[in-house]
Each structure stands twice: as structure tokens, then as C-alpha cells.
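Given the sequences, and given the hints that come with them, work out the whole structure.
There are 6 protein chains.
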Amino acid sequence: MSEEAPESLQAFRHFREKLNAAILASDNLTIKRFFALDARAYEDGALPARTKELLGLVASLVLRCDDCITYHLVRCREEGVSDPEIHDAMGVALVVGGSIVIPHLRRAVARMGELPPAAARGVS
Amino acid sequence: MSEEAPESLQAFRHFREKLNAAILASDNLTIKRFFALDARAYEDGALPARTKELLGLVASLVLRCDDCITYHLVRCREEGVSDPEIHDAMGVALVVGGSIVIPHLRRAVARMGELPPAAARGVS
Amino acid sequence: MSEEAPESLQAFRHFREKLNAAILASDNLTIKRFFALDARAYEDGALPARTKELLGLVASLVLRCDDCITYHLVRCREEGVSDPEIHDAMGVALVVGGSIVIPHLRRAVARMGELPPAAARGVS
Amino acid sequence: MSEEAPESLQAFRHFREKLNAAILASDNLTIKRFFALDARAYEDGALPARTKELLGLVASLVLRCDDCITYHLVRCREEGVSDPEIHDAMGVALVVGGSIVIPHLRRAVARMGELPPAAARGVS
Amino acid sequence: MSEEAPESLQAFRHFREKLNAAILASDNLTIKRFFALDARAYEDGALPARTKELLGLVASLVLRCDDCITYHLVRCREEGVSDPEIHDAMGVALVVGGSIVIPHLRRAVARMGELPPAAARGVS
Amino acid sequence: MSEEAPESLQAFRHFREKLNAAILASDNLTIKRFFALDARAYEDGALPARTKELLGLVASLVLRCDDCITYHLVRCREEGVSDPEIHDAMGVALVVGGSIVIPHLRRAVARMGELPPAAARGVS
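Residue numbers (the working numbering), protein chains in the order written: chain P, -16 to 107; chain B, -16 to 107; chain A, -16 to 107; chain V, -16 to 107; chain G, -16 to 107; chain U, -16 to 107.
Everything hinted at is true.
Here are the simulated lysine-lysine pairs, DSSO-like style, with alpha carbons at most 30 Å apart: (1) P/K1 x P/K15; (2) B/K1 x B/K15; (3) B/K15 x V/K15; (4) G/K15 x U/K15; (5) A/K15 x P/K15; (6) G/K1 x G/K15; (7) U/K1 x U/K15; (8) A/K15 x A/K1; (9) V/K1 x V/K15.
These stretches of chain A come out as covered by chain U in the derived footprint (C-beta under 8 Å, 3 or more residues): (10) 64 to 76; (11) 88 to 96.
FYI, nobody ran anything at the bench for these hints, they're computed from the structure. Here the structure is a predicted model, which means the values were calculated and not measured. Just so you know, even glycine gets a beta-carbon here, dropped at the ideal spot from N, CA and C.
This is how it looks when you write it as C-alpha cells:
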């Protein structure tokens, strides 16, 4: 498999859960509070969770973090974001971030093939 | 005025327009096509222009580009994005990008004071 | 004055305080919690505040954020970090981050000329 | 094999082609135009393709994108860029981008071992 | 194994040594001098090697370079830096660099499980 | 003048020279050696100085460092690089780095207006 190809989603989730637990077990207060803050930043507020997940996806794409991209793709699908909406967000990220984003786009599109389709179509 | 304080919005716009014209006058085809593509990336599509401007704002915040932030703040206001919605987007950018984003947040909030309030409140 | 020359430390502080207040006045919970977390991350812990300020300085240098650099230089001096220690930290940041760090090093050294000397010499 | 070791060039090419096709199949106009623009940016112009590929290589090194580095190494070799010329470009990227570039340099040099030697020596 | 999981430390070391040798064999003077400079930047000076390795670790975390993080974790342990001290440094890096640092934190904590414990506890 | 408009070239040079001297006066060996290495990286080698300055320009554009861009624009002109060649290099940087590069492009083009024209036209 290519250097570009991401590992399976199941393996990603397993490693993520196991190591997040190990990080929190370090009992460092700054790290624990950051993790709590990270979770609540995407909850419904003035902007709905759905829009915030799209913001997280684009931020992850321009900062080029594959694991963050995977996480927000999963969450976007859970929030009912459609594929054309995800592609629109990818287009913005590509123009802002440049061709350096393309390898991450390839891995993101490969990842999308692994995810269950968007459950319900909400309104953007 | 502090090193952090941005120049006036009018001066920003004047310089931007003048130099964009100078860049396009170079008649370099790659650059001209990029500018055209940049303009169309934020038009209504599967996602509305309003959401795309929020995506552009968050991308600009995490990549820490003051001029890009100013541009998308202006456009967000034109699209009727409310202040609490902008603050929500800023919260996501801050958590994703870290404290290194804070100086840009300060300049962004100073900039918001210069802008006319959102004309109409649409739905996010 | 050159584009590289930072504004006066007093102007920096005035703008910083005023706009931090404006940001917190937005009453966005994510942003407020991030600001609280940012403050506590540099308090004495397993590592003393002094070492943490050096960590903050190097992180700010390699991420190339002038305002963050100014802030941590002020705090390093307050914690009694000596000039040769600051120069040593700058050397690490320069090697890790490359020549792209140099313009920020120039502004940092200009800033150091404005600061009161380290009050007391602690042990590193 | 180490985490640093890149996968085989053949696997890289296969994944790249397959996923580029998947991306373009999304039929998003912004993305499609960006891909077209990306291709033409390296064609002969005021600067020859050869020099542009060196520019792309250095940009990819300082932005630390392994897949982009691989792509431009392949293209440099096709354009007849010699190994000492590539090493010279790497030296510039290393000084500008700092030691953080070194792991990518290791993978780049490993990749060069897989590539056919430069066909013909042109003039820079 | 997950895309996040780093390869074994032994494989990392083997690849690193082999390719560093290949890079130096290119006999490019700029690159060779950079490598020499990189080695000496962490030697005892106004700041002890121990503190400099912590600086290198935080710089590597905020710049998100897994191989650099591994290297400095190994060196921190050799210098007797304790786990709570490393977690404190990670907390600073997380707040400065944002949630985008988290996947690297996961891999760093996984890596720490592979390393021999800190030989001796020095003073920070 | 706009926040985007760079200060005069003369002011830039004055500040740069004065502060470089201040940095070197710190007598930190790592910093001094880095400065020496930085100077020699752009000397004629397998690639001519002219091409290396173009590499430095593109690296500075994608890393978005205005002072570095100014420096390499001055040097490119001294090496006889023509305006269409500089625009070609800017096009590559724009495509690789994305729209986030545009504000730096504006300041770069403003800067070019201040520089004496390329003395002699060499061959690329």
C-alpha cells in the first residue's frame, strides 16, 4: 500500500482511544482541561455543530493533519453533511492552502470511501 | 498605536486594490488564473456563500494571516453573519490553532469595531 | 522606522489589555476557557515557571509570532532568566526553525533593549 | 522498516493516480480548476520547467510535504537535474527551513535511490 | 496497526543512521555544516543540555514533526527528565500549538512506553 | 498607509544591519555559526547563485516571511533575474502555498517598485 494510503478506520479509532486514555492517565491538569475544551468547542452554539464540524474540517485540511481530517470527516457524516458539501469545503481549503493540501485531500477522499453515508440530510 | 493594531480599513482596501491591479498587470497567466479561481471558490454552491466565508475566516485564523482575516470578516458581515456566530467560529479556530492565534484574534476584534454591523440576519 | 521595528512596549501592552478585554466581553465560553487555560499553563508545576517561559519563548520563535515572543521575553526577564540563557534558547529556535526565524530574532533583540534587566538571577 | 521509510515509488504512483481520479470524479469545479492550474504552473515560461521543478522541490521541502517532495524529485530527474544540483537545492531548503526539514531530507534521499538517474545533463 | 502508531524505536534508529550517512555522503558543504551545527546547539551552555532538550521537544511538538519528537524524547530521558516534567512541557506545547498537536501527542506518549525510564533525576 | 504596505527599503536595510550587529554582539556561538552558514548557502555551487536566490524567494513566499522576501528580491535583481522570471517564480509559490500567499505577493510587488531594475539579463 502506498505511503499515502491511510490505515483502516477501525485501527485509527482503536489507537486514538487507547492513547487518549494514556494521555489523560498522566494526570496533567493543563492537558486534561485542554481535552475537555476541545470536546465542547464543537457543540451547538450560535453556530450549529454541523457548521462547526465543517470549520474543523477546513482548519485541519489547511494545517495538514490527517488524523484531524479523519476525525472531522466522521463527525461531518454523523451530522448529515452531504458529499457535495464536503467537496465544497475541500475546494475552499485547497484554494486557501494551496497544492500542498492535495496529498491530504487524496487521503481524505480514500477515507470517505470507508465511512457510512450521511444518515440524514440537514440544511446547511 | 501598538504593533498589534491594524491600520484603517480604508487604507487596507486602497492598498489591496492598487496592488492587486499591479499584480494582474504583470500578465502572468498562472497568477491571473489563480486570482479568478480564488474569487469563485466562495460563490454559492452545495454550501452557501455565507458558510464558505466562515470557512475562509477560520482557515485564515489558523494560518494566521491578518489581511485574509480582515477580508473574510468584511465578507461575513456582508453575508449577514452575526457577531455571536463570528465568535463561535473564532472559538473553533482558537482551539484548533492554539494560543498562537490570540494576537490575530485581538486584531480581528479591533477590526470588527470598524465594520458596519451585519445588515440582515440569515439562517446559518 | 523599518517594517521590522516593533512598536513601543507600552503601546503593545495598552493594545493587548484593551483588546483582551474586548474579546472576553464577547462572552463566548470556549474563548473564555481558553484564555483561563493559557494563563495557568505557565504556572509552577513539575517544571518551574521559569523553564516554562523559556519553552513558550522557543515555541513562539519557531511559530514566528512577534507578539507572543514579546510576551514571553517580558515574562522570562521577570523570572530572572539571564541574557545568555535567552540567547541560548534563541540559538535552539534558530537551528530548529531555520533562517526564516531571523527577522523575528531581530525584533526580539530590539525588544530586549526596551525591557528592564533580569531582576534576580535564579538557577536554571 | 522505520516510520521514516517511504513506501515504494510504484505504490505511491498507484495510490496517487487512483485517488486523483476519485477527487476529479467528485465533479467540484473549484477542485478541477485547481488541478488544471497546478499542472500548468510548472510548464516552460520565463523560467524553464527545469528551474520551476527545483522551485517546487524547495517549496515542498520547507513546507515538509513528503508526497510533494517525491513528485518533484521524479520531475527534476526527468528534466535532467543532476544529484549535486538537487543537493544544492536541499541545502538551501535546510538553511531556510531548519532542522525540522531533516527527517524529510532523509526520506527524500531514500527516495532518490529508487529513481532512475537523470537522463541528460542540461544547463541550469 | 493504526496510521497513528509509530514504528518501532529500533527501526527508527536504523533508518535514521543509515540515511544520515547517505546525506553526508553527498558531500554538500552547506548540509554537512548544518548537521554539525544541529549537534552542537543542544550542548551545555548558559542553559544546560537538559533544558535545551526540553526546548527542542516543545519546538518539535508545535512544528508537528514526529521524528524530531522521538529524538528529543530519547534525549530528554537520557538527561534524566522525569515523566511529569515531560507532561508539563507537552501541556505548554498543546496550549501554544492547539488541538492540531494532539495526534503527535498520542504518538509521543506511545513512544514513551518504548523508552527506558529516566536514569537519574537531576534538578530542572 | 495600509497595514499591508511595507516600510521603505532604506529603513528596512538600516534596521536589518543594526539588529544583525546586535545579535552577533551577543556572542552566542550557535547563532554566529548559523549566520555564517546562511550567507554561504546562496553562493555559486552546482547551482548558480542566481537560481539559489530564486529558490530562496519561493521558500520565503510559501513560508510567508516579508523580510525574507524583500531580501531575496533585492538579491534576485542584483543577479540579473528579470521581472517575468520573478513573476514565474511567484506563480509557482502561489499555487503551492495557496491564497494565503497573496497578501505577501502584494507587498512583494510593492517592494519591486522600489528596487533598481535588473542590471544585466543573464540566462536562467
